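> So the protein lines, in turn, are chains F and W. With numbering that gives the first Met the number 0 applied, the first sequence corresponds to residues 0 to 306, in that order. With numbering that gives the first Met the number 0 applied, the second sequence corresponds to residues 0 to 541, in that order.
Just so you know, these hints were derived from the structure itself, not from any lab. Check before you lean on any hint, since a few could be wrong.
As the list claims (entries may be wrong) - Derived, one-sided and incomplete: chain F residues facing chain W with beta-carbon distance under 10 Å:
hint	residue
1	A29
2	P57
3	Q61
4	L62
5	D64
6	G76
7	V80
8	D85
9	P95
10	I151
This one's a predicted model, so the numbers in the text were calculated from it and none came from an experiment. Ideal Cβ positions, reconstructed from N, Cα and C, are used throughout, including at glycine.
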Amino acid sequence: MIAYILRRLFIAIPTLLLLVVASFFLMHLAPGGPFTSERPLPPAVLANIEARYGLDKPLLLQLWDYLTNIILHFDFGPSFVFKDRDVNDIIAQGFPISLTYGSLAFLAASIVGIGLGIAAAIKHNSWIDYTAVSLGIAAQALPNFIMGPILILTFTLWLGLLPGGGWYGGQWQYLIMPVIALSTSYMGSIARITRSSMLEVMNSNFIRTARAKGLPARTVIWRHALKPTLLPVISYLGPVFVYVLTGSVFVDLYFSTGGLGQAYVSSALTRDYAVLLGVTILYGALTVFVNLLTDLAYAWFDPKIRY
Amino acid sequence: MKDMTRLTLSALLSSTLLAGTALAQAAHPETGEPLAENQTFTYRVLDELSSLDPQVVEDVIGSEFARDLFEGLMNQDEDGNLVPGVATDYDVSDDKLTYTFHLRDNAKWSNGEPVTAGDFVFAWRRAADPALASPYQWYMELMSLKNASAIVAGEMPPEELGVKAVDDHTLEVTLSEPLPYFPQMVTHATTFPAPQAVIEEFGTDWTKPENMVSNGAYVIEEHLPNERAVRVRNEQYWDNENTIIDRVVTLVINDENVALTRYLAGELDRTEVPAGQFPRLQKEYPDEAISFPRLCNYYYTFNLSDSGPEAFKDVNVRKALSLAVDRDIITKNIKAGGEPSAYTFTPEAVAGFTPPTVDMANMTQAERDAKAKDLMAEAGYGPDNKLSFDMIYNTDQAHEKIAVALSQMWKQKLGVEVSLANMEWKVFLETRGQQDFDLARGAWCGDYNEASTFLDLLDSGSGYNDGKYSNPEYDKLLEQAKTADDTTPLYTQAEEIIAEDAPVIPIYHYAGVYMLDSDVGNWPVNNVEQNWYSKNLYKIAE
C-alpha cells in the first residue's frame, strides 16, 4: 500500500512537468501577450517591460528560468497584470477562499445528494422517490451561472436577507449563496447516481441472501448494501471535488468572493502568463492528489481491490 | 441582573451618542444641505485595479484610487478646469519651454513628512526609468519632458530628465518642445509624487496597506484583491478639514447586472447601467438614473493598407457605408443611454474646440441613404456586382448588437454582404494591429481634454492608426496645431478632411450612464474625463 502511494506520487512529477511544458507553449501560442493593449506601447517601452519580466529571452530559456525558480525558491514569479503582486501572493489570497466554499459545497452536495439517492432507492416508486428524482433533475438543470443571479435576486433584492456578495473573511452570511449555487447541480447528479446504484445493489444476489437469512432491513442496507452502492458515487466524487475547487469562476464572478477561479480565467484572458501557469500547476497537482485519494478510497470500499 | 445593567447602560450610551451626533449634524459649508451622519461612499468597480503605485498604474479604476491617495501638482475641478493641488500656481517662460511650479508649504505625507519638490523629481525620474519598466513610461515622452525619450530608450540616466527641485517648494520643469496643454497633463497619476524612503524600504510591497504612505486626501486602509478595498481620510492632508467623505469603499463586481441588483438592494451608491436598460431605470428611478457626455468615441475603421480590400480604396464606397449608418437607431434603440450620435471623430464634449457640423449631420437619414446609393452606383457596385467584406469586433454583447445592426443596414440599403467575426480581446487587438481585417471596431477615450488626443489617432505616424490612413495635408495640420495659438481653425479643417476622406465611420460618442444614489452630492457630471475626487463629494442626510 505504502509502496503504491509512493509510486503514484513519483509518477506525478513527470505528469506535472508535462503539464507545465504543454501549458507553457500553448499559452505562448495564443495571439497577443500580456502587454498587448488598445494603446500599443512604443517599442522602447515594450522592450523595457519585456526585459524586466524576462520575456525578451528565448522561450526555452524562459521555461528553464521559470522551472528553476519554482524548484529552488518556490517562486512562481510576478504577475504581469497586477503589478503590485506576485503569483505566490495571488494564490495565497485566493486559494483558501476557493477551498473554503468549495469544500463546503462538496460536503453539502455529497451529504444531501447521497441521502436523497438512498431515500429514493429504498422507497422505490413511492412519492419520496418521485420527489427526490424531480428535485435531483431540477437541481441538475440549474447550472451555477443561472443559480447565481437567481439567488442574489431572491435573497438580496426581494427578501433582503443576505448580502449580495463579498467574502469578509468567510462569515456565514457570505457563504450561504456561493455554497448553494455551487453545490446544487452536483447534488442532483449525486442523488441520481446513488439512487440507480442502490437499486442495482438491492436487486443483487448477496442482498437477496442477506434478506433470506432474515436480517432486518436496516442491517441489510447499512451493513451490506451501502459500501457497494457508493462505489460508482466515489468515482464521480473525485472529479467533482477538483471541479468545485477549480471551476468556481462563476461563484467568484457573481458573488465577488475573491477566489482563485476568477483570477484563473481572467489571467487567461489578459495573458498573465505567470498567474496562468502558477494556477495551472496548482490545479494539476490537486487533480493528481485527489485522483490518488479516490483510488485509495476504492480499496476501502471494494474488497476486490488490493494494491 | 448583570445583563440588565449592561443593556440599560448600552441603551443610555447609544441614546446620548445619538443625541450628540444629532446636535452635531453638520450642514454643507457652501450649499447648506444637511450632511448625513455616515459619510461613506460605496461604489462598484468592474475589475481589480492594476496597481496602487501612481507611476505604474495604467487602468481607469486604479487611477481613481491614485487621485484619492495622492495629490499631484494640479487637480481638476467639477468642470475639468485646473485648480491648485500641491502646487499653488506656476509660471511659464517666454519660450514656453520652462514651467516653474510653486508648491504649498503645508502639504504632508500621511506619515507627517512634508511633501517637497524632491518627491516630484524622484517620482518623475522613476516613471521614466527603464528599471521600473512602467507601462506609462510613454507618458513622460508625451509630456515632452526634456530627455524623456532618451531615458526611456536607456541612452541616458534618469537623472537627466528635465525636472529639478530648485528648493523644497519650487519645481522647475524643462520641455523639449512647447506643449500648449502641458499644465493639464500634471493632473495624471503618473506625475504624482512618490515617497522615496518608503519605496526604498519596502520595494514593490510599498503599496500594501500596512506599508503605504501617500499624500492625498485619503490613505488605503484595506485592500482585498477581487473583493473590495477601503480608503479612509488622511488626517495629515493639508485640506483635511474641508474633506467631508470619511470612507470610500469599492466593491469588485464583474457582472454589471449583479451590480445593478446590489445597487437596488442598497449595497452601493453608484454603479454603471447595463446597455439598453437606461430608459426603464430612468422611468422607475428618475432621481438616480443619470447620463452625461464622456470624452470617448466609438467608430469603425477601414483597412486602408495594402492588405485591405480594394473596394475601400475608393472614397465613394467608404462615404456610402458611413452615410447608410442610421446612428440614431444605434444610440436610441441599442445603447439607449443618452449617447450622442457621432458624425465627427472628436466628441462634442471636448474642451476648447467645437467640432464642425459636417454635411452629413445636416441631412435626414433618407437623404443620406439616397446619397449612399448614388455613391455606391458611382463606385460600380450594385445588384450585379455586390460588395462584400468582413468586419471584426471584440466579444461583447453591445458590440455584437451594433455590428449586427450595421451589417443589416448595409445589406438592406446597399445590398452589401458583410460577414461578422467577433474575437476575444487580445486576439482582436493583435489582428487589428497587424492590419489583418477589412473593417474593425475602434474606440478611444481621451488621454487629456484636448481635441488632438483624438485627431492624433489618424496621423499617418501614429502607432494607434490601425487603418493606416495617410493624408499629408492632415498630418501637416496636426503638426501646426502643436504650436499654434488658436487651434480651432486647424482642428476644424482636420475634421472636415476626415468627413471628406471617410477613413473611419464615427458611430457615437460615449455617455457616462450611472445609477447614482440621490444622497450623493456634487458628482462631477460636467467633468467629461470623469476625473473625480472623493474629497469633493458628500452624502446628504435623507
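> All hints are to be evaluated individually against the structure, with a verdict given for each.
Hints versus structure:
1. A29: Given a least distance of 7 Å, the restraint on F:A29 holds.
2. P57: violated (20 Å)
3. Q61: violated (16 Å)
4. L62: violated (21 Å)
5. D64: violated (17 Å)
6. G76: Violated, about 12 Å.
7. V80: This hint holds: F:V80 lies near chain W, its Cβ roughly 6 Å from the closest one there, short of 10 Å.
8. D85: holds (8 Å)
9. P95: violated (12 Å)
10. I151: holds (5 Å)
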